[in-house]
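> Letter by letter, the chains look like this.
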Amino acid sequence: MGLLSKKDQKLILDPLSDDNPITIQVLGICSALAITAQLKASIVMAVSVLFVLGIGNVVISLMRNIIPSKIRIIVQLIVVATLVIIVDQVLKAYAYSLSKELSVFVGLIITNCIIMGRFEAFALGNGPYKSFLDGIGNALGYGVILIIVGFFRELLGSGTLLGFKVLGDPIEKTGLYSIGYENNGFMLLSPMALIVVGLIIWVQRSKNPALVEEN
Amino acid sequence: MEHLELFFKSIFIDNMVFATFLGMCSYLAVSKKVSTAVGLGAAVIFVLAVTVPINWLLDQYILRDGALAWIDGSSNGEGYSGYDLSFLSFILFIATIATMVQLVEIVVEKFSPSLYNSLGIFLPLIAVNCAILGGSLFMQSRDIQTLGLATTYGIGSGIGWFLAILAIAAIREKIRYSNVPAPLRGLGITFIITGLMAIGFMSFGGMLTGGEEEEEETAVAIKTPAQEEINETATTVVSTTNEKEN
Chain A
2 MGLLSKKDQK LILDPLSDDN PITIQVLGIC SALAITAQLK ASIVMAVSVL
52 FVLGIGNVVI SLMRNIIPSK IRIIVQLIVV ATLVIIVDQV LKAYAYSLSK
102 ELSVFVGLII TNCIIMGRFE AFALGNGPYK SFLDGIGNAL GYGVILIIVG
152 FFRELLGSGT LLGFKVLGDP IEKTGLYSIG YENNGFMLLS PMALIVVGLI
202 IWVQRSKNPA LVEEN
Chain B
7 MEHLELFFKS IFIDNMVFAT FLGMCSYLAV SKKVSTAVGL GAAVIFVLAV
57 TVPINWLLDQ YILRDGALAW IDGSSNGEGY SGYDLSFLSF ILFIATIATM
107 VQLVEIVVEK FSPSLYNSLG IFLPLIAVNC AILGGSLFMQ SRDIQTLGLA
157 TTYGIGSGIG WFLAILAIAA IREKIRYSNV PAPLRGLGIT FIITGLMAIG
207 FMSFGGMLTG GEEEEEETAV AIKTPAQEEI NETATTVVST TNEKEN
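Those protein sequences? They're chains A and B, same order as listed.
Heads up, the first sequence is in the working numbering, so the first residue is 2 and it goes up one at a time.
Heads up, the second sequence is in the working numbering, so the first residue is 7 and it goes up one at a time.
Think of the hints as simulated: they come from the structure by calculation, not from any bench.
Just so you know, not all the hints are guaranteed correct.
As the list claims (entries may be wrong) - Stretches of chain B that chain A covers, calculated by requiring three or more beta carbons in the stretch to come under 8 angstroms of a beta carbon on chain A:
#: 1; segment: 26–37
#: 2; segment: 87–97
#: 3; segment: 138–145
#: 4; segment: 187–195
What the hints assert, rightly or not - Taking lysine-lysine and the DSS-like style, the derived pairs with C-alpha atoms no more than 27 angstroms apart in a straight line are:
#: 5; chain 1: A; residue 1: K11; chain 2: A; residue 2: K131
#: 6; chain 1: B; residue 1: K116; chain 2: A; residue 2: K71
#: 7; chain 1: B; residue 1: K38; chain 2: A; residue 2: K208
Note that beta-carbon positions come from the ideal geometry of N, C-alpha and C, so glycine has one too.
All chains should be built: construct the whole structure from the sequences, respecting the hints.
Shown next as structure tokens:
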């Protein structure tokens, strides 16, 4: 990242680990967990949030001096809603089956707390370039967790990754299945998403004791 | 009967928190104490009960394909009945919710200061709560038929959310006395507890089928993840969201 100054690098890299929006700031869990049963859906969701948060942060930051503070929430919601409509229409046009699968969760990007949180905490007080970097950084931090969760849930739950049967064929008993391995269908159910995120938090915090909460 | 069924279904089977993860942000942030959890839960019930019916009316008479036919009484795609504005639903729903929350805040402040004091601080939080927008979006995608049913659905989902946040707040108040591994303290253990509670709530899945008699018919209508799991063959991978959608 030779192009960016130290400070700008921090904006992007911090949210990836020590200031991760999901595991540390606890934002944006709502739409994150439900769609992680498949890796593909997780990636699409991560990219959608990247788009909405990157552009949204810039737009809000450009308008930050003309938004009356009393109605700023409504203004922010309208900006996000517009961007989400674009994402939704693009998905419907080019990946219809995937957009059916994500169903209401594309719409729920609007109320994704990461987005409102970054608007409030960063874009309202900083210039467009910095806001853009901040948006990208936070969206990447969100996407990384989503992809990790999606990876494990799809691998353990259905033995595939992005639809490819990486562990062999469960019906013809090839690969791992020939020695008696079975898919853990439970991983596909919603409660496991929460537990997987809980475990990620566990791993992250045991590596970095500074993040441990008092109680 | 229909109302009762939808009511219990939206509380237990399709619980906002445990089945669809809606409103998780405030669920995790405001569940440290039972008293604040009750305040937020009550506000969510209230706002859902108001916004879901309003958004149902918007959806029915403005947004869905051919909904504008009432303007000139046309049909079959002529005149106004040819419009499909459903792409606008996100922006219209969120605008309704934001305005209603503001309005509710003003009205409550005027007529019941004591209620305002207990609910007031939570109302702005609610405009950006996924559970509220999720309620309206699910109402739209599940194709709820009448205004009455939409109201029931709103109240039911609100109560489901209330129950969830009340339960986790009570558990978190007690868990302070337990010896949780240090890295899991706070957030981590809350996630895992919620996951376990969600597994518990999955057992409500068979509640409305009442056993095996009606399995065939109701499996289509309810589609809990548990039932779906049984039907699932090893080759077809259906995501949980997809299951709920069908």
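> Now, for every hint given, state plainly whether the structure supports it.
Comparing the hints with the structure gives:
1. Requiring three or more residues with a Cβ within less than 8 angstroms of a Cβ of chain A, the coverage given for the segment 26–37 of chain B holds, as 8 such residues are present.
2. Here the segment 87–97 of chain B counts 5 residues with a CB under 8 angstroms from a CB of chain A, which clears the bar of 3, and the coverage holds.
3. As drawn, the segment 138–145 of chain B meets chain A at 5 residues by the rule of a beta-carbon pair under 8 angstroms; at three or more, the given contact holds.
4. Counting residues of the segment 187–195 of chain B whose beta-carbon sits less than 8 angstroms from any beta-carbon of chain A gives 9, enough to reach three: the coverage restraint holds.
5. Proposed proximity of K11(A) and K131(A) is supported: the alpha carbons are some 11 angstroms apart, at most 27 angstroms.
6. For a cut-off of 27 angstroms, the pair hint linking K116(B) to K71(A) stands: about 19 angstroms separates their Cα positions.
7. Note on K38(B) and K208(A): the hinted pairing holds, with a Cα-Cα distance of about 26 angstroms set against a maximum of 27 angstroms.
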